[in-house]
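Peer 1: Residues per chain are reported as follows:
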Amino acid sequence: MGIFERFRETRFALWIQRIFGKRHARIGIYGPPNVGKTTLANRILMDWTGETIGTVSEIPHETRRAKWKSNIKIENGSSSLVIDIVDTPGIATKVDYKEFIEQYGLDPEEAKRRAKEATEGVIEAIRWLESIDGVVLVMDSTENPFTQVNVTILGNLEARNLPVVIAANKIDLEKSSPATLKSAFPQHPVVPISALTGYNLDNLYTTMVKHFGKKRRKKK
Amino acid sequence: MKKERGISVTLISRKKLESFSTDEKIDYIIKEVSKGKILVLENGLTPVEQSALIQQTMAKIDHDTFIGIEMEGYADIENNDNVLRKILNKMFGIIKKPRMTVIGPANLLKTVYKDNNVIQTMIITGRGAK
Chain B
0 MGIFERFRET
10 RFALWIQRIF
20 GKRHARIGIY
30 GPPNVGKTTL
40 ANRILMDWTG
50 ETIGTVSEIP
60 HETRRAKWKS
70 NIKIENGSSS
80 LVIDIVDTPG
90 IATKVDYKEF
100 IEQYGLDPEE
110 AKRRAKEATE
120 GVIEAIRWLE
130 SIDGVVLVMD
140 STENPFTQVN
150 VTILGNLEAR
160 NLPVVIAANK
170 IDLEKSSPAT
180 LKSAFPQHPV
190 VPISALTGYN
200 LDNLYTTMVK
210 HFGKKRRKKK
Chain W
0 MKKERGISVT
10 LISRKKLESF
20 STDEKIDYII
30 KEVSKGKILV
40 LENGLTPVEQ
50 SALIQQTMAK
60 IDHDTFIGIE
70 MEGYADIENN
80 DNVLRKILNK
90 MFGIIKKPRM
100 TVIGPANLLK
110 TVYKDNNVIQ
120 TMIITGRGAK
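Going down the list, the protein sequences come from chains B and W. Per numbering that gives the first Met the number 0, the first sequence starts with residue 0, numbered consecutively. Per numbering that gives the first Met the number 0, the second sequence starts with residue 0, numbered consecutively.
What the hints contain is simulated information worked out from the structure, not anything from laboratory work. There could be a bad hint or two in this list.
Taking lysine-lysine pairs in the BS3-like style, the calculated list, with each CA pair at most 30 Å apart, reads [unchecked claim]:
no.	chain 1	residue 1	chain 2	residue 2
1	B	Lys93	W	Lys15
2	B	Lys181	W	Lys113
3	W	Lys34	B	Lys174
4	B	Lys174	W	Lys15
5	W	Lys34	B	Lys97
6	B	Lys97	W	Lys15
7	W	Lys34	B	Lys93
8	W	Lys109	B	Lys115
9	B	Lys174	W	Lys109
10	W	Lys34	B	Lys111
11	B	Lys115	W	Lys15
12	B	Lys68	B	Lys97
13	W	Lys15	W	Lys36
14	W	Lys109	B	Lys209
15	B	Lys111	W	Lys15
16	W	Lys59	B	Lys115
17	W	Lys59	B	Lys181
Computed beta-carbon distance windows for the label pairs [said to hold, decoys possible]:
no.	chain 1	residue 1	chain 2	residue 2	range
18	B	Ile58	W	Ala58	19 to 29 Å
19	B	Thr48	W	Ser18	45 to 55 Å
20	W	Met121	B	Tyr103	18 to 28 Å
21	W	Arg98	B	Asn143	10 to 20 Å
22	B	Gly49	W	Glu17	27 to 37 Å
23	B	Glu109	W	Gln55	22 to 32 Å
24	W	Arg98	B	Leu172	31 to 41 Å
25	B	Glu108	W	Ala58	14 to 24 Å
Because the structure is a prediction, the values reported are computed rather than measured. C-beta: ideal position from N, C-alpha, C; glycine also.
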């Protein structure tokens, strides 16, 4: 073990960390259904561990249980952050099983089961807000950002004084407008990305290390 | 007297809302909305109340009779010039004041457009309140 590694293990180093910021954080990936949360979680994990966390689908509510991976080290030059990443089910105010039948061709039994599990997933995702240190809020940059789900999630995070980074996803699509997201939520860092292609993920990692590493007083 | 069919839109005053506890407010909203009524709250819900309402809505969804809610409200106006508020926000988290909010059953009320200043919704006719 080198001198630097030995220093990092010492009580003094832990004390320095406590004063100057958090270097291990549990980060939730949140957002409405079908914005690319699991695609982003998979991309982050592939970049830093070579693994994936879940399957993706064009059918909404593919992720219906929260999944997590621990101890992912994200490096940014001389700084780094160790995160536990939690991929949460999409938050929605309604779930209609008929949409799965009519728009995606699922059979009625499967559609009802998916809808039932989706409602449980929404409840679980909201419960996880109690146990996280920060959030990557994923928004679809081709859609109107002023949805109640986005506003509700952001309001909750602000009330709890939790740091948030907005990932303006799907900028590989022609209709995308990350500038609209930036003007809608000027109080938070907004990073345009494509989780699918990996475009601008370096910038997201830099923002995560900088933003989630800060010392904050978390409000319960 | 013959009962007229139609869609009920109820405006709830700030005073009435303030007389409810959070649980009572959420119970009241779910009860009314699941009956097919649209509510306009003069003083909406805090973000924490909104997430509690979403959780309870999910627990109440019955796929044949109640598929959830449509809810839209204005975000709080940020006053970035207020130094005291900035300091308090930094110390204790941002406390957003709830503002006017419309809530209705998702099969009846659809949001057409929303930005910081305008909320436009559409009532799907033919599915009036019971």
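Peer 1: Take the hints in turn and mark each one as holding or not.
Peer 2: Okay, the hints, checked on the actual structure:
1. Between lysine 93(B) and lysine 15(W) the alpha-carbon distance is near 26 Å, which keeps this suggested pair within the 30 Å criterion.
2. A hinted pair counts as satisfied when its Cα atoms are at most 30 Å apart, and lysine 181(B) with lysine 113(W) qualifies at roughly 16 Å.
3. This hinted pair does not check out: lysine 34(W) and lysine 174(B) have alpha carbons roughly 39 Å apart, beyond 30 Å.
4. Only pairs whose Cα atoms come within 30 Å are accepted, and lysine 174(B) paired with lysine 15(W) is rejected, the gap being roughly 44 Å.
5. Among the hinted pairs, lysine 34(W) with lysine 97(B) is consistent with the structure: their alpha-carbon atoms are about 20 Å apart, no more than 30 Å.
6. A hinted pair counts as satisfied when its Cα atoms are at most 30 Å apart, and lysine 97(B) with lysine 15(W) does not qualify at roughly 37 Å.
7. For the hint pairing lysine 34(W) with lysine 93(B), the CA-to-CA distance comes to about 16 Å; that is within 30 Å, so the pair holds.
8. Taking the CA atoms of lysine 109(W) and lysine 115(B), the gap is near 22 Å; set against the 30 Å cutoff, the hint holds.
9. Annotation: proposed proximity of lysine 174(B) to lysine 109(W) holds, straight-line Cα distance about 23 Å (limit 30 Å).
10. Distance restraint check for lysine 34(W) and lysine 111(B): the Cα-Cα separation of roughly 22 Å lies within the 30 Å cut-off, and the hinted pair is therefore satisfied.
11. The straight-line distance between the Cα atoms of lysine 115(B) and lysine 15(W) is roughly 34 Å, outside the 30 Å bound, and the hint therefore fails.
12. For the hint pairing lysine 68(B) with lysine 97(B), the CA-to-CA distance comes to about 33 Å; that exceeds 30 Å, so the pair is violated.
13. Under the criterion of a C-alpha separation no larger than 30 Å, the hint pairing lysine 15(W) with lysine 36(W) is consistent with the structure, at around 17 Å.
14. Our distance criterion of 30 Å between C-alpha atoms is broken by lysine 109(W) and lysine 209(B), whose separation comes to about 39 Å.
15. The suggested pairing of lysine 111(B) with lysine 15(W) is violated, with an alpha-carbon distance near 38 Å, which exceeds 30 Å.
16. A threshold of 30 Å between alpha carbons decides the hint, and for lysine 59(W) with lysine 115(B) the separation of about 11 Å falls inside it, so the pair holds.
17. Distance check on the hinted pair: lysine 59(W) and lysine 181(B) sit about 35 Å apart at the alpha-carbon level, beyond 30 Å; violated.
18. The hint said 19 to 29 Å for the Cβ distance between isoleucine 58(B) and alanine 58(W), and at roughly 23 Å that hint holds.
19. Checked against the hint of 45 to 55 Å, the pair threonine 48(B) and serine 18(W) passes, with Cβ atoms roughly 53 Å apart.
20. At about 24 Å, the CB distance of methionine 121(W) to tyrosine 103(B) agrees with the hint of 18 to 28 Å.
21. For the pair arginine 98(W) and asparagine 143(B), the beta carbons lie near 19 Å from each other, so the given range of 10 to 20 Å is met.
22. Roughly 54 Å separates the CB atoms of glycine 49(B) and glutamate 17(W), a value that falls outside the hinted 27 to 37 Å.
23. At roughly 26 Å, the beta carbons of glutamate 109(B) and glutamine 55(W) sit within the given window of 22 to 32 Å.
24. Taking 31 to 41 Å as the suggested C-beta distance range, the pair arginine 98(W) and leucine 172(B) conforms, at roughly 32 Å.
25. Between glutamate 108(B) and alanine 58(W) the Cβ separation comes to about 22 Å, which falls inside the hinted range of 14 to 24 Å.
Comparing the model with each earlier hint shows violations of hints 3, 4, 6, 11, 12, 14, 15, 17, 22; every other hint is respected.
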